[in-house]
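Asker: Each chain, letter by letter, is given below.
Number of protein chains: 2
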Amino acid sequence: MAQQYVLGIDIGGTNTAFGIVDRRGNIVAKGSMPTKGDTVAEYIEALKSAVEKLKRDAGNISFSAAGVGAPNANFYTGEIAYAPNLPWEGVIPLAKLISEALNVKTTITNDANAAALGEMMYGAARGMKDFIIITLGTGVGSGFVANGELVYGHDGFAGELGHVIAVRDGRHCPCGRNGCLERYCSATGIVITAEEWLDTHTQDSILREYKSRITAKQIHDAAMSGDALALEIFDYTGKILGQTLADTVAITSPQAIIFFGGLAKSGDLIMKPVRHYMEANLLKIYKNKVTLLHSELPDADAAILGASALAW
Amino acid sequence: MAQQYVLGIDIGGTNTAFGIVDRRGNIVAKGSMPTKGDTVAEYIEALKSAVEKLKRDAGNISFSAAGVGAPNANFYTGEIAYAPNLPWEGVIPLAKLISEALNVKTTITNDANAAALGEMMYGAARGMKDFIIITLGTGVGSGFVANGELVYGHDGFAGELGHVIAVRDGRHCPCGRNGCLERYCSATGIVITAEEWLDTHTQDSILREYKSRITAKQIHDAAMSGDALALEIFDYTGKILGQTLADTVAITSPQAIIFFGGLAKSGDLIMKPVRHYMEANLLKIYKNKVTLLHSELPDADAAILGASALAW
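Chains as they are written, first to last, in the working numbering: chain D, 410 to 721; chain X, 410 to 721.
This is chain D alone, in the form it adopts within the complex (with noise of 0.2 Å):
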């Protein structure tokens, strides 16, 4: 049998990845363009001749399926709706444009959901019937496993764990509703955390220099540097993950929940809290039990690989 190939697409908010992957996770060969198009068309119409040359380039390796990862994207549909980081407004119906375009079967899902693939076929769930991928990015995302299958939910949106209340009455998220998780444990959530303490406590701290231009690698640094309050900061925002990732246990009594994104590469001093905080509050019969892992797909190619994963 000849040996087979996938084509992997991330679609980001600026810019789109693409590989040519094997079954054992290898990129053959890999290219990326720009994110943009005055109507999709152009875009796709771009994506097609960039896909083309890379097979070109990679001595016309051809791949008998494309699996896309993209912010918003349905797996059910094929179509994002109103995704609010990319250019083009409405329903897309992206998976039979790409498919049209490349003349391949073409699956799409979101970001988080093609991670949790990603893992389960190249990564840190290898084996694994029953975990959580967690993203701690600009948001939080996150993709179920139950069974050994992607947790879609009827309508192709389970899995929105940053819009989990966390604390209830909690900050005003974009969403229209008040704490949701992602407003405390993403980056984006960090970074609101120090502005308000700068406001509220009167300790002396490294991150009172960058008041109110904040970023979460300073956070970062600072607590690095052992910086109390930055260190605190991050006790908070594990607390806050622990408290509902434990409630999620509840749910899906996962054996694994594999953090990936900016701030989870803040490695102990993020996970260390997360850890403590949802033992304390796991009902007796999961403590012990649900093992924190970190990704194992190589950062530059985890998108790809995500996508990926989605054709096979």
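Everything labelled a hint here was simulated from the structure, so no lab data went into it. Note that the coordinates shown come from a computational prediction; the quantities given were computed from them, not determined experimentally. Errors might be hidden in some of the hints.
Intra- or inter-copy, both count: the list cannot distinguish identical chains.
[Said to hold, decoys possible] Capping the alpha-carbon separation at 30 Å, the derived lysine-lysine pairs in DSSO-like fashion look like this: (1) Lys-514 - Lys-538; (2) Lys-462 - Lys-505; (3) Lys-464 - Lys-505; (4) Lys-505 - Lys-696.
Got chain D; can you put chain X on it based on the hints?
Answerer: This is chain X only, laid out in the frame that chain D set:
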């Protein structure tokens, strides 16, 4: 092909009910016996005799498998571990014991999971692939179905919605934690609310005459007769449940939530506030999409049917 039958067994704290069931959910013969015995071996011996008598009385119908619903029963291990409401202590290899006694393949799970399977096979969830069943009884139980399969979790303990923290730092729960959903939204919970409110609210109410020996039935009756405090108690109970369900929907995005159990029988008294507060707290993409339903299994037979669904 000869008509096929399975045996459904529901083991409750005081009573064990069992029945021989066909594929369409008709119980062709049924019986019951007390859940007692100095040892579990004695109980199994009594169960064996009772089932053999049932088979003979029904004209020597034979069944090809048995399904058992029991508190704290684990699908994967086939064991019951430390069930507070059963007369035997420690870990009991229930599936093995029943299988050996009856000489058929035997599968066990907890009551709420059995109910979910029963609804999927014979009841309100026929044809559904993604739904949740919630039992509002002495406690709150839940069973989650995703992609047409029951979510057991990696260890068989998934679906403990009754022990999600509904009110942070709320009422103490016998599980050792505080604010668990079932301390608010079960028959037990609504009674606690009434007792608390009679102390802290000054308004007149029929319920005052029952003070400190109040029952869920009395609160129901008072609300039905228009008692303002009783109506507020139902509104509050529905609010806590609706808020928690809104968060739960964000995880598995079910097509429907099916309610079962004593408190669910209060009908609109509880379901109207649940629907109102759930919708008010749902993320926009989920609004007006989740159907709230009542169990369609006949009350007396629901547990046997649920257990039998496990056997197919």
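Asker: Against which earlier hints does the structure fall short, listed by number upward?
Answerer: Of the numbered hints, all hold.
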